[in-house]
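Trainee: Spelled out, the chains give:
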Amino acid sequence: MMATSALARLSPFNITSLALGLAFLYLPIVILVIYSFNASRLVTVWGGWSVRWYVEFFNDGAMLSALAMSLRVAAVSATAATVFGTLAAVALTRAGAFHGRTLFSGMLYAPLVMPEVITGLSLLLLFVAVDAQRGFWTVTIAHTTLTMCFVAVVVQSRLGSLDRSLEEAAMDLGCDPFRAFVKVTLPLILPSVVAGWMLAFTLSMDDVVIASFTTGPGSTTLPIRIYSEVRLGVKPEINAICTLIVGSIAVIIVAASLASKLSSRQGESAAPL
Amino acid sequence: MTNEARHGSEAAAPADLPLLQVDAVVKRFGGFTAVNRLSLDIKAGEFFALLGPSGCGKTTLLRMLAGFETLDSGGILLDGRDISNVPPHRRPVNMMFQNYALFPHLSVRDNIAFGLRRASLPRAEIDARVAEMVALVSLEGMEKRKPEQLSGGQRQRVALARALARRPRLLLLDEPLAALDKKLRENTQAELMRLQRQLGMTFIIVTHDQEEAMMMADRIGVMNAGRLQQVATPRQLYEAPNSRWIAEFVGGINIIDGEVESRVAGRVTVATQAAGQVTAAVPLQALTTDQVCVAIRPEKVRLSRGEATPDAGHADGINRMEGVIAGISYLGGQTRYQIRLDRGALLHASVANTVRLETNAYDTAQRVVAYFAPDDCMVLDR
Numbered sequence: 125m126m127a128t129s130a131l132a133r134l135s136p137f138n139i140t141s142l143a144l145g146l147a148f149l150y151l152p153i154v155i156l157v158i159y160s161f162n163a164s165r166l167v168t169v170w171g172g173w174s175v176r177w178y179v180e181f182f183n184d185g186a187m188l189s190a191l192a193m194s195l196r197v198a199a200v201s202a203t204a205a206t207v208f209g210t211l212a213a214v215a216l217t218r219a220g221a222f223h224g225r226t227l228f229s230g231m232l233y234a235p236l237v238m239p240e241v242i243t244g245l246s247l248l249l250l251f252v253a254v255d256a257q258r259g260f261w262t263v264t265i266a267h268t269t270l271t272m273c274f275v276a277v278v279v280q281s282r283l284g285s286l287d288r289s290l291e292e293a294a295m296d297l298g299c300d301p302f303r304a305f306v307k308v309t310l311p312l313i314l315p316s317v318v319a320g321w322m323l324a325f326t327l328s329m330d331d332v333v334i335a336s337f338t339t340g341p342g343s344t345t346l347p348i349r350i351y352s353e354v355r356l357g358v359k360p361e362i363n364a365i366c367t368l369i370v371g372s373i374a375v376i377i378v379a380a381s382l383a384s385k386l387s388s389r390q391g392e393s394a395a396p397l
Numbered sequence: 596m597t598n599e600a601r602h603g604s605e606a607a608a609p610a611d612l613p614l615l616q617v618d619a620v621v622k623r624f625g626g627f628t629a630v631n632r633l634s635l636d637i638k639a640g641e642f643f644a645l646l647g648p649s650g651c652g653k654t655t656l657l658r659m660l661a662g663f664e665t666l667d668s669g670g671i672l673l674d675g676r677d678i679s680n681v682p683p684h685r686r687p688v689n690m691m692f693q694n695y696a697l698f699p700h701l702s703v704r705d706n707i708a709f710g711l712r713r714a715s716l717p718r719a720e721i722d723a724r725v726a727e728m729v730a731l732v733s734l735e736g737m738e739k740r741k742p743e744q745l746s747g748g749q750r751q752r753v754a755l756a757r758a759l760a761r762r763p764r765l766l767l768l769d770e771p772l773a774a775l776d777k778k779l780r781e782n783t784q785a786e787l788m789r790l791q792r793q794l795g796m797t798f799i800i801v802t803h804d805q806e807e808a809m810m811m812a813d814r815i816g817v818m819n820a821g822r823l824q825q826v827a828t829p830r831q832l833y834e835a836p837n838s839r840w841i842a843e844f845v846g847g848i849n850i851i852d853g854e855v856e857s858r859v860a861g862r863v864t865v866a867t868q869a870a871g872q873v874t875a876a877v878p879l880q881a882l883t884t885d886q887v888c889v890a891i892r893p894e895k896v897r898l899s900r901g902e903a904t905p906d907a908g909h910a911d912g913i914n915r916m917e918g919v920i921a922g923i924s925y926l927g928g929q930t931r932y933q934i935r936l937d938r939g940a941l942l943h944a945s946v947a948n949t950v951r952l953e954t955n956a957y958d959t960a961q962r963v964v965a966y967f968a969p970d971d972c973m974v975l976d977r
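So the sequence lines, in the order shown, correspond to chains A and G.
Counting from 125, one number per residue, gives the positions in the first sequence under the working numbering.
Counting from 596, one number per residue, gives the positions in the second sequence under the working numbering.
So that you can see chain G by itself, here it is in the shape it has in the complex:
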């Protein structure tokens, strides 16, 4: 998180004022704290994803931004103006609902025009904007249909057009793709990204699908139990998680508990019970104790039959572990191996299938050497 510091302290010019500032917001439902002193800045033009397990408070936060929930404390500033007490219909923010919430008694055209009519725009302008929105989401010819006559993907696009029609400063999307099947979802993700760039609008999307968040968002805020655990770019989130929880939540990972043995020249050596000595790069976060864990992504673990010296470039302190292939899952683009190390740990390795007619694949019960570079290995608090 070095060169993408969140609070642009080096440039305090007003032009750099974040579009949205969420300041120590608290929301309780009875005794349950849904959002707990959460702060977040979002820049204009950003595609931001709120990611988290269900019940983590991400939807509550989104509903507070839209104005459907009141704040117990803290503030929400849009363009530097506090909107915490502004009712939803006066906020320059629009929301796309998870179930789309299309008005069943209105046609596609009237659904899209609904917000424009409330803004009492001249008739010609409303017609022009509706036509523009219909073209933007490619719904030409569907204007007179009722929502019940549309497919799921078409409803989704109507909902998007309706939310975009008022040209909000901020568009909130609550699990916008959850109701679509996989193929349609992938197309729609690309479509949303194109629209966001084309319109230069700021999007905040709530999702529990990490692949979706990583694919679309410029930055991701991972929430758990009402707090933001980490706010980072998809790459940082995956390659430099700031906690064990994030490392486990985002993507697959091997985690082995151990104890710090030595720190020499940018390297930390950790003694583990289940995998022996592991050398890793010095972590970005200071460790609080010597009781740590080492974490390594499956695709960073490489396999060999043991005869060749692996990767001479990393010969300094490369981690080598011997074991037996315990399980194989072929997934098309990659193959996942489970390796039972002689020391006891079960290591997951995923190998990209770069050759069509692979003759060199590993078999179950075969002895292998798993190895990985210290730079590919992270040390985290336990």
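Next up, chain A with everything else stripped away, as it sits in the complex:
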């Protein structure tokens, strides 16, 4: 109802600024998508419609293995980040005022604002110091540290709005605290846990900086691969890859927001009248 009344009050000025803002955000992406269907070999010259660069991408072995590496890193790190992030969120909302709570929550959120270069560099130093073989696992660990705080933020906001007496009711009815969490809390926060996983997945998929610090030979992720290709000149194939990435991320983000909407609807029904 608020949306319709806001739309009704749109003045020409508002419409113009909205259009300009959206154009600023999305015009480059639209151009990228259009040029990915360009038949010409030259990126800046329009040579008619074609899907040849998509075909080329699916025949490019190096690109495909970079994509596979990225997907593996994203899946494993997002899963680990979801487990740790959810545990951290539970500790912060449920454990009450334990000693060092403020410090803990501050440290959890620090990576949100920390420049990625610093995170990447410090992780590199750590891996060098412990003499870890850099490759798949180092990138995965690095991405887990980056994304678990995002998961924690998403899950914590859901946990905070969850009626505490639901867990108490579960305990009252014979659940020990762990079972109460599994039987009652987890099903109710599941949509936000899933949303957190998807967020972590996309963050890991598009990270260049931290990955390039922590990766090793033979474990190039897709963004690093694209970046190094672009330095030698933009091939139209890159446009095709980027269009595919934009498309998948759009799907995941829509799914994540639907999931969290579902989650908050369930939360409301937990309250009385």
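By construction, these hints were calculated from the structure, which means they are not laboratory data.
Since the structure is predicted, the reported quantities are computational estimates derived from the model, not experimental observations.
Not one of these hints is a red herring.
For lysine-lysine, the following DSSO-like pairs were computed, each having C-alpha atoms within a straight-line distance of at most 30 Å:
#1 Lys895(G) x Lys777(G)
#2 Lys741(G) x Lys778(G)
#3 Lys307(A) x Lys385(A)
#4 Lys385(A) x Lys739(G)
#5 Lys307(A) x Lys739(G)
#6 Lys739(G) x Lys777(G)
#7 Lys741(G) x Lys307(A)
#8 Lys741(G) x Lys777(G)
#9 Lys385(A) x Lys741(G)
Okay, the calculated bits of chain G under chain A, using three or more residues with CB under 8 Å as the criterion:
#10 680-686
#11 696-703
Cβ coordinates follow ideal geometry from the N, Cα and C atoms, glycine included.
Given chain A's structure and the hints, the job is docking chain G onto it.
Mentor: Chain G only, in chain A's frame:
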């Protein structure tokens, strides 16, 4: 409190062991003492109400009984066994939450079966008990619904069924009717009383609604500032409050400060500034000083136009006071009059409207005589 003595000292048989013994329990939150050395015995099969203003510690006490709060000192004994350190899921006690706390992701059936499944009962037994509970609270046909598809009254009944399903030794109800509208609340009160009698279970209900407590409970414990001020039957609480605070908290009352003048033959005479001399029955509690107050319930104050001698039966020392009607509130079943006494006090009198076409009602500014028997008047410490 004579024939309903709390600690059954005349019968020390083990069968008379109270179901629940709360022994000098203390609970502090930081510097705030929520429950202060509180002791209470509750008999099996009793419907007990904890009544008090908000913040008096009644909910904290209930949560300690359920196991959600730890005790700072004291003990809680159920069937003679100390359960103070038993976690909530191992106590044979169930609670009905104020907001019901129904699991939104489970159906009515699964909500009710939740506690039974944890007790790892055989499947057939769980199904039978759920069916029994559904019938008990008349929710047949609703088993597959989710809580969000139920009305407030239906949710309340699901919450009750869920708490009763495990057949607890003790059922705790935290403001169970606060979320219901008045009509539904009255029906539900009667329903709760019927269930409690039918199941022979022990109920402890927390409420801030004194009418609700008086209507349902066998005994009421009135709490204030973390302490039990009085534990008594509804009648005792109303007719024989043990303090001025209780007298003012439970029901309406006229209170006039005064000083004891004489004590003769079961009567206390109190000299008051605002209402003259008042004769009252000797109080049950010994008075600590002569600085007292007299307390009289509005419905015990009777009115006359002054010409007739009121109530010859109480002619010995009946209290008569002259005044003017200062205000009238018609409430249907009764009419409340405010009488400004010539001596200064404002007296409230409520008169039952026993005749439909009343022609004899009093008017504002009319002179009247207010009178009441000494036995209807209480003397309390100030």
